[in-house]
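**Student:** Sequence:
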Amino acid sequence: MVYAYNAYDAPGPSFVPVGLTSAPLANISPGILVPSESYRTRLIPVLTTLLALHPHHLPAMLLLACIYYALGDFDSSIAVNDQILSIDANYVEAMNNIGTAMKAQGQIQKAFEWWWKALQVRPTFWDALDNILGMTFTLAHCASDQGRRLNYYRQAQAICQYVQTHVFDSNGRLTSRLQPIEIPRLQRAVFTSGTIYSTLGPTNIERALHEYARSLELVLRPPSPCLDSEQYSLRDLLIATCTAGHALCSDIRTVGSADFSNIFKTDISQRLDDPSLFLMKKVRAAGEQLLHPLLLAGGGLLPVPLLLPEQVSSLRTALFSGGVLPGICQVGPSGALVPPSDIIRQQANNMTSTVLLTLAKRFQDAALSNAAIPGSAGGLRISASIVILLYYIALTCDPAPSTYNNLGIMLSGISQTRSSPDGEVIDGTALARMFYTEGLHIDPKHPHLLTNLGSLVNEQGQGRPWDAVEYYYRAAKANPNLPEAVCGLANSLSSICDWRGRGALVDEIGVDDAGCHLLPARNPQAGWVTQMVAVTDEQIKDGYRQPFYRGDSLVTTTEACLRALVCGLGRHLRPDENEQWRSRFQRLAGSVNDRMVYHVNSVGFFLRFCDWIAPQLQRRWYLRTFGRTYEVRDFVDLPNNAISSQFNRPPLPKALQSPEVPSVLPFHTFTCPVSPRTVRLIPHRAALKASYAGHSHPWMPEHVFRPPRPPFNGRINLGYISNDVNNHPLSHLMQNVFGLHDRDRFNIFIYTTSPWDGTAYRPRIASMVEHCVDVSSWNLQQILQHIGEHELHILINLGGYTKGARNDIFAVRPVPIQMQLIGYAGTVGASWCDYIVCDPISCPQDLSAAERWRILQSERGDSPLPIEPLDMGADLDPEDDSELWIYSEKFMYMPHTFMVTDHKQSFRGDDGLSPETRSTIDADTLWLDEERRRACARREVFPDIPQDVIVFANFNQGIFYLWLRILRKVPRSILWLLRFPGAAEEHLRRSAALWAGKDVASRIRFTDIARKDFHIYRARVVDLFLDTVECNAHTIAADVLWTGTPMLTWPKHRHKMCSRVAASIVHATGFGAEMTVHSAEEYEARAVALAQSVSYVPHREPSGAVVPRGAGELIRLRKNLFLNRDHMPLFDTARWTRNLEKGLWEAWRRWVDGTQYECSDEWMACEGEDKRSSCIWIKDDDPVRIQRVE
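Quick note on numbering: the sequence shown equals residues 1333 to 2522 in my numbering.
Watch out, some of these pointers could steer you wrong.
[Claimed, not checked] With a straight-line cut-off of 30 Å between C-alpha atoms, the simulated DSBU-like cross-links for lysine-lysine are:
1) K2474 to K2330
2) K2236 to K2301
3) K2474 to K2511
[As the list claims (entries may be wrong)] Restraint ranges, calculated between C-beta atoms of paired labels, are given here:
4) A2466 to T2257: 24 to 30 Å
5) I2199 to R2520: 53 to 59 Å
6) E1870 to K1442: 41 to 47 Å
7) W2088 to D2512: 33 to 39 Å
8) E2413 to N2045: 56 to 62 Å
9) G1619 to S1923: 51 to 57 Å
10) W2031 to R1914: 40 to 46 Å
11) G1619 to D2106: 51 to 57 Å
Honestly, the hints are just simulated from the structure, not real lab data. C-beta atoms are modelled at their ideal positions from N, C-alpha and C, and glycine is treated no differently.
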């Protein structure tokens, strides 16, 4: 038999069939392997001889049946197994093998019956369990409809539960002792049960988590008989890991504000490598005595220990005696635990790691945020710190690259810090980089680790930007189809101006692999930009594949939404309205093909509806309490919470999945050459994800947030939310706006979502307002509570999709009116944003959804549509295939420009004159002084450049090819660029030499970035600032114009606000027509003409110094800009603030009146401007006093 077993196994796993049991569980060791021989020529003769001598030798018969199966003789295999069962009717191995042979013959039902029979005889016969579950899952996967699929899953679940009822008692303890080799297989069975529960829908998630926890407890608890004090749970594991983690970081007796001196009499940080420590045991013995101080230190959550990768590997030794999972050990004669073989240990570690990773993934589901940990009796709540602890433990069991990746992602969002052994301060981002790097030591080609490390380097600015490019290159090479790698590579290469291999889209200049430029063509020219666009298109299509569960869930959701709609309207639906809305919801249940064809984003439609109806429900609550009241002079009571249930938002279906988002971020659409529809959809998908996350919080009230009382004494409570109230361009531009607000009409609240950077900007801004609140350490619930308590009427988003922005606050609609301003030059694509503050130049009127709706209404008339669109009144469906509109927001049009500046107040150091003093000095004197300053600054910045050399400049990079053409046509000129980033310089110089020759390339000058005041001062050195076209200069445009420096801008794209900002800015100078062009040809011709208009005449001062005095069109334009800067609307911050306030009050009036919402009864009944246009057109009542100097 030894010989036979070895001969059977010798051909190797590729030949030996899977799913069979070739030896009884109690069989002897197979001994030494023999050379591989044919089953027919050697094994069958041997076994035949054995059976002739021992006709009832069941092991020989079992092996012979397996050989027949391996040779494809299924009938003979079944016959031999039948013969075994005639001798021993309970021989489960034969039953299992008959089932496997039946399956091979296509007799699925009979196979199932034989496997089930084996399990009934022996519930712990794991081969039969694996076979029956495997076949059931295959049938479920191939099922033609969801109902049949779920039935198969329920059948598999019943089998798992059958096994568990024979293995565990009612308290979850094993009823009999299992062999160590069986523990990982039972653990997998329990884990599978949990996975099936999670597959059966969100109503079973609690049971799924219970099963996952039980599968962990199976290996945490020592073998039977197990004392009550040894019934370790998931709770104990998490607390022990948290304790050990902090002990590794510091003295465990003082973690944060907690005091553990009464629990740990000695410093256990010195004993963590002691195999006899067994911290799990100490933690269970401590009970609540240890948990309470930990929760106190973590503010109600377990505090996160920030471990280094090498520290994580030592956790297991501290947690378990000898570092071995207790459940797979045996009890030795002395009562000590005896570890199993390395193979069993590895099997258990791998399975345990799988369970931990699954729990970590489930716990990251927003729907489970703050829910109780299974078995913790509510004492522990799910949080990010719990997830990190699970990843730590998973790594100790199985240090897999993917686990390092997932842990790195979690750590990158942690703001707290720790000290390294050498005293260096390390934050979550630095730790994430360490774990990514550690994972790459195991698998240097892991694409997700490479991509995430590249993103980390790119976002944090660690090292040169080229570092990020290198990681993206490696990731894309490892997996060319990984969207994050492709898009990350494209964006990073673009950021350092390395355009080699870019390719080109239709009708645009491109770059080939060698770096040579490609002329525009009618077909795309392959490269990384075309690949990125293709990847983005596919990811957008993925949104239509995401299902909205049919059946009862859709019916329930539809009814809940219609109830909310009736409440929002304040009346019952008319029959035609009822039919239209039901038709829209019914489309969510269409086939995947229909959803793909008609661009039906089922999940997105529901979330849009929730966001769209919320402010209308708030308004109805407001009207129910206060009537159509704009303000009050006397104190009034808060809206009655007793009627809050009348204003419930539609609940999130439990089966609803989080929306997928493209890898291209909204901010990247500023420069990515994607279609207008894609520019609209990328931020829209990000907005949907923010909505889903917000509505998923378990603490979110069922009703909408309570509306505020009417403005008391005519003062609107106005809130600004920003991550940039520090030394940041937004603070540079807006710092005095907050203080210039009319305090008789507004109470100002500023919520800063980032820590103070130590500069003077935040204290200065905070001193100007009533409420400046640092919420950088607050969770969302705390922020919303503060907003609600202070009854804000309007909330302004200053971040959009910039780094650190808190769109999660806006996504849950805490206030009646929400809008975005200045921080992000594009649409946020969200129904939770009502207005974007802009102007007609930056945002053409017809690009708003509400204005496009009016156009469509006019074109369609009363003609019926073939398919009911998924619009919500004038809120058009962003998924629509139209390329003719972009903005989901309505427009609040500022009269001159939406851009606000603070230069008039903050940057007067060049001439040192106040506006009042400046107005008393004649223009010629002012101008001569400026020419002196300019000549001096020019010598300081470019001492080797003659005065008559034209200095073109741009402080970003953009339409480089066009700039080179301008340099070629103006021989006595240079192009001044910044090293921003520094890695771009070599690529720009190489491209210039390739595209325009060495002479032109030699006339490009680079300088470093300067501090803000000197940056503005030296901008006067420039003769003409050449603007970029995909994304204009914003703050820099204001900087150069303040010094009098003219700029040339081309608002190339109607659909990109970021491409039109500079045109808006120059318009507000009063000289915009002279600085704006409308084509590449006009851009080039205008730049050349302005440069060639300049001439200089030396002017000798009384001191003997010579000042070059300029003449020509460009000099005349500069003189006008400089002399009029104190009178321009662009630099009139007080004027801008007054105009904004008019718009805010108009928005409040429209909300109270209900005319903000097209198709509402109030809008239908109104006349005048509200009916004609959704835009708020702000009128400037103050005259503009600009004096043109010729």
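**Student:** Could you run down the list of hints and mark each one as holding or not?
**Tutor:** Results for each hint:
1. At most 30 Å may separate the alpha-carbon atoms for a hinted pair to count; K2474 and K2330 exceed this at roughly 55 Å.
2. A threshold of 30 Å between alpha carbons decides the hint, and for K2236 with K2301 the separation of about 37 Å lies outside it, so the pair is violated.
3. With a C-alpha separation of about 8 Å, the suggested pairing of K2474 with K2511 holds against the 30 Å cut-off.
4. For the pair A2466 and T2257, the supplied restraint of 24 to 30 Å holds, since their beta-carbon distance comes to about 27 Å.
5. Checked against the hint of 53 to 59 Å, the pair I2199 and R2520 passes, with Cβ atoms roughly 56 Å apart.
6. In this structure the supplied range 41 to 47 Å holds for E1870 paired with K1442, their Cβ-Cβ distance being about 44 Å.
7. Distance hint for W2088 and D2512: a CB-CB separation of about 36 Å, consistent with the stated range 33 to 39 Å.
8. A C-beta distance of roughly 58 Å is found between E2413 and N2045, which places it inside the suggested range of 56 to 62 Å.
9. Distance hint check for G1619 and S1923: the Cβ-Cβ separation is about 55 Å, which falls inside the suggested range of 51 to 57 Å.
10. Range check, W2031 to R1914: Cβ separation about 32 Å, and the 40 to 46 Å hint is violated.
11. Taking the beta carbon of each, G1619 and D2106 are about 37 Å apart, not inside 51 to 57 Å as hinted.
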